[in-house]
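There are 4 protein chains.
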Amino acid sequence: MIKAGIIGSTGYAGQELVRLLMQHKDAEIVWYGSRSYIDQKYYDVFHNMFEIVDDKCLDDNIEELAEKADVVFTATPQGLCSSLVSEDVLSKTKIIDLSADFRIKDVNRYEEWYRLKHQSPEFIKEAVYGLCEINREDIKKARLIANPGCYPTCSTLSIYPMAKEGLIDMNSIIIDAKSGTSGAGRGAKVNNLYCEVNENIKAYGVATHRHTPEIEDQLSYASGEKVVLNFTPHLVPMNRGILVTAYANLKKEVSYEEIKEIYDSYYKEEKFVRVLEKDVCPETRWVEGSNYVDVNFKIDQRTGRIIMMGAMDNLVKGAAGQAVQNMNLMFGLDEAEGLELVPMFP
Amino acid sequence: MIKAGIIGSTGYAGQELVRLLMQHKDAEIVWYGSRSYIDQKYYDVFHNMFEIVDDKCLDDNIEELAEKADVVFTATPQGLCSSLVSEDVLSKTKIIDLSADFRIKDVNRYEEWYRLKHQSPEFIKEAVYGLCEINREDIKKARLIANPGCYPTCSTLSIYPMAKEGLIDMNSIIIDAKSGTSGAGRGAKVNNLYCEVNENIKAYGVATHRHTPEIEDQLSYASGEKVVLNFTPHLVPMNRGILVTAYANLKKEVSYEEIKEIYDSYYKEEKFVRVLEKDVCPETRWVEGSNYVDVNFKIDQRTGRIIMMGAMDNLVKGAAGQAVQNMNLMFGLDEAEGLELVPMFP
Amino acid sequence: MIKAGIIGSTGYAGQELVRLLMQHKDAEIVWYGSRSYIDQKYYDVFHNMFEIVDDKCLDDNIEELAEKADVVFTATPQGLCSSLVSEDVLSKTKIIDLSADFRIKDVNRYEEWYRLKHQSPEFIKEAVYGLCEINREDIKKARLIANPGCYPTCSTLSIYPMAKEGLIDMNSIIIDAKSGTSGAGRGAKVNNLYCEVNENIKAYGVATHRHTPEIEDQLSYASGEKVVLNFTPHLVPMNRGILVTAYANLKKEVSYEEIKEIYDSYYKEEKFVRVLEKDVCPETRWVEGSNYVDVNFKIDQRTGRIIMMGAMDNLVKGAAGQAVQNMNLMFGLDEAEGLELVPMFP
Amino acid sequence: MIKAGIIGSTGYAGQELVRLLMQHKDAEIVWYGSRSYIDQKYYDVFHNMFEIVDDKCLDDNIEELAEKADVVFTATPQGLCSSLVSEDVLSKTKIIDLSADFRIKDVNRYEEWYRLKHQSPEFIKEAVYGLCEINREDIKKARLIANPGCYPTCSTLSIYPMAKEGLIDMNSIIIDAKSGTSGAGRGAKVNNLYCEVNENIKAYGVATHRHTPEIEDQLSYASGEKVVLNFTPHLVPMNRGILVTAYANLKKEVSYEEIKEIYDSYYKEEKFVRVLEKDVCPETRWVEGSNYVDVNFKIDQRTGRIIMMGAMDNLVKGAAGQAVQNMNLMFGLDEAEGLELVPMFP
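Protein sequence lines correspond, in order, to chains A, B, C and D.
For the first sequence, the residue numbers in full-length UniProt numbering are 1 to 346.
For the second sequence, the residue numbers in full-length UniProt numbering are 1 to 346.
For the third sequence, the residue numbers in full-length UniProt numbering are 1 to 346.
For the fourth sequence, the residue numbers in full-length UniProt numbering are 1 to 346.
The hints are simulated quantities; they were obtained by calculation from the structure and are not laboratory data.
Because the structure is a prediction, the values reported are computed rather than measured.
Note that identical chains are pooled: a pair holds if it fits in a single copy or bridges any two copies.
Listed below are the simulated PhoX-like cross-link pairs for lysine-lysine, each with C-alpha atoms no more than 20 Å apart in a straight line:
1) 92 / 140
2) 56 / 278
3) 278 / 41
4) 271 / 140
5) 164 / 226
6) 252 / 164
Using the sequences provided together with the hints, build the complete structure.
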């Protein structure tokens, strides 16, 4: 039985981790960390957990946690995980960081986009970027995982085969993404009130969103070229789900069948990536509550572009589900354990 | 392995059955019945099932089905199940009927409220009303289950302890219920279009809704008195969930503690009924995707009334989940098998 | 041109007042009061007002305001208006208070339900309860208006004819009400975040909601009896709208036609109350953005009860619209001026 | 008083026309056309109109209509208006066509994208494209107006200044658009049911949507170059609103101030186009119910692109509001008459 601790268990991603781990047969939660709700019953914060979780919320004492837990999930704002990690801690427990602290390999780039001083740059090199479909073997051996961001997971998996195969102009990429509101977190802000989000759609962080360098890095690794791209996220009035619509210029004329074969070759062995059938567009409703990413593409011969699309649940594959997938890999379990969730509709 | 057939698998309740049975370790689906989509891939109707279900939809041939299936779920409009059932069929397979055909013991009452001629009144007596918490022992031995309606399940479980204990005036009961839109089914009707339901709340079927006699019957059995009550359902702009707010006059002054003790005594052994803590109101968000019914009550000393409240997921405990719970009981499995679902929030 | 000042102009009700007054041909706003946003452009708080309102938000200086404004609207939490009102102020300007400070005639009752010490009980007697359809003549002569609460407006107008005519048992009234989320205000609270309200319905303030005594008082005045009733509000995932479903025992058998005639006789001259046709239930979508209250009723002969229903926009007839209607009456204008708004659908 | 007839008055756009014309002081509706609801009271189809519109729905007899009406609005599917128009009709009445029949000047292009045979190509040349801000003078003299599509209105106004000034590479344009569900019409289709649209976002018509050639044409006229672009619409779970996020390569380096000055120069006299302040993104909530289009842009120096954004209400400026604006121009009225609507929030 893997003993898991969660720092930041009372945010939306933290709570989703609890949901998934409660249904995981080889893991149990030994620490419900939450600065805001110390000593309160966890089910008082999330009443869905009544009669399921009886524990109280604890402070984030990393030393004690490292002793008790085989793995620690940090589902906290940026800057916290990097302040906790140390050789001592990593010698005792594994860490899966759901924040951005270890996702960007170039510390200057991290500090520039996040406007934070990195607290432990010496661990950046060791950290493995936990996009399981791409870095599976490294993840198995890792002590410290940088669990990918929600937008980067969906964007990278949607574009990866085209980038890797060198079929698109890497400087032509435009990613227009749409997210449900759970991605904005559980903080009490006027802009996230029901009446402000409902019956509205807006872009935000235009040309400045922090997931931009993360996506650029991953696509650079894939293509072997330095990638600069546009990424524009939008806030959608729904709880869960991310949809990515990405555009790029094709380097040469290719047929639907050729591209389909490529996507299939990358993903047919991947349980959690579903390449849809021709002309079926990914939709967030079909992946809700599950760890799937649905991808597809459309060639526009008139403009010579390809439109690559992906849909997933931002709290599962975009956060807690992928974290559990990483845990499974790190502990030698079946990668899908606890994640065989049929999407819930409607 | 229990072989299950579903007639009406392409409605919302039918699809939820598929979701639950796909995650059930002792059952498999052998028949995806659907008159509207015969010969189409099931995943073409519900894309969430892509790469999960590869079967095609079939016609509802009950003879063939009875041969192949150990249990048949009928998730269809009223009138269909009663036209299919026969001694021959029941000698070969068990039936769990999610429609109303066998819920009302008095056939005249059924025909009056449903404005339908009952097709097989000779089986009404045998049919067991599948409210597991109340009729558990009979269900275990049943061949034919009348799976309770969504509103009646939530209403009955909310009021049952008070009715059974004789603490309320049974002629004073008023049930004001609210349901998500999946309860209205997947038929293409203008009134169920997104723009008609969104940003709206309305009552419907006022004083005439067909779940009224079903609730009255159950509360009559509980109290030993003939019950006539008001039941008013409302349509709420959300996908899933039923909330019941029920009012009744207390026969005498009682304390919170006395009533709490009664509710606890009825439900503390019941896995799927959660009696909430004092002053915590049931909310549909805390049960979504799960088989739980959350119940609680409030005594209003000013008026001498008690307000009894219940929340559940109409597609799970209100339909498919309770059907699986019945199946588990009928086949001697752990009652909770395949139903240990942590509610999904948000 | 009536000069209007608004204290609390940056709440939802305050902003709705701005919307309505901007479209009113005989009024202009001279003061946008807001403690939270002093010196900020009003359109920075509500971008819908960009290029429409160019003013900045001001502090709530009642002396200065009283000099400048012919009428002051207070759209603030309870306790503020009563601390501002004085003989001096009322000698210079009229006040329409959208809070509860002057709605309850018995100051002890106010203080008990609101748990506040009333700051100016000497003005309670003078204040006129601004339910225009009922107190029209008094409103015309008033200096100080207690603008009714949203739930009490809808509840009272739905039940009033039955109460006034003595046709229902006044001790049997149960009001089950449902409101959109704008009624919860614009404060930054976790419970009002999008993801908490969306896909959820819940009761709140069960047996303790502060609008209870207000409704009881109004129905007591109508019936001449002391009324004690149950009032249960629910929070619905939509922006605007209140639906009231009220139940009462009929004192004797009456026909649909008799009751219809009574409702018509009370409301046929009332522009803003629409008595719907037989069997048409009020729905909030049909009144959104307008000052209408749609009412109807259904007799349930089985139980001897009548179900009375009402729907309105909580921010218009339930707050700002009724406030403007009161202003029109107080200043001798056409009562409907600025309020001839066709409901916006969808 | 302008006498207006509406063919297709029972769709969402038709009903919005009714709402706007009811509040227009120089127009009255003399014909509520609706094939689906002939002889039914208009308020039975849209209960918001109860006690506001007492007329019945009529068949679409164009001869009779042409005699009675000074202007006929056709808010119908493509193909109908072109089958009704004739020299005789146009000699008696003006036509404002909300369908696409007369928007595309090249009849082959129309027939190819719409897969319809055009019924009256001889009137295409005469028809004026009713984008008021661009074709104002021609509109004033027109007999036949092709009222622009919703997406084209928002897209064109967002991009127009950049195209006209030759600042962007016209072959690099990518338009990613998002629409509320009223744009999908009131037809009873499973895909538009509440439970299918709610909690979902999807792209549709990728690379094939019929508004593509319309946008291309307008931007071609603006730039003097033949434009081919990508247009991808998405369906958002909300009733009203369109958001356009458009991307293009800048031909040379330009500053925020330069571009701002250009947008201001095009739109500062335009009542219904609001150029937002720096870094304020257009959001649909701020224009709901009004005729405004909010536009803004962001320069991304890293990629050398400009992101142009626009938000409007698809049923107002995207359909009925623009139609009324056209009517005002054609009849010599103040262009804003009946359209001075403050956006309704929340």
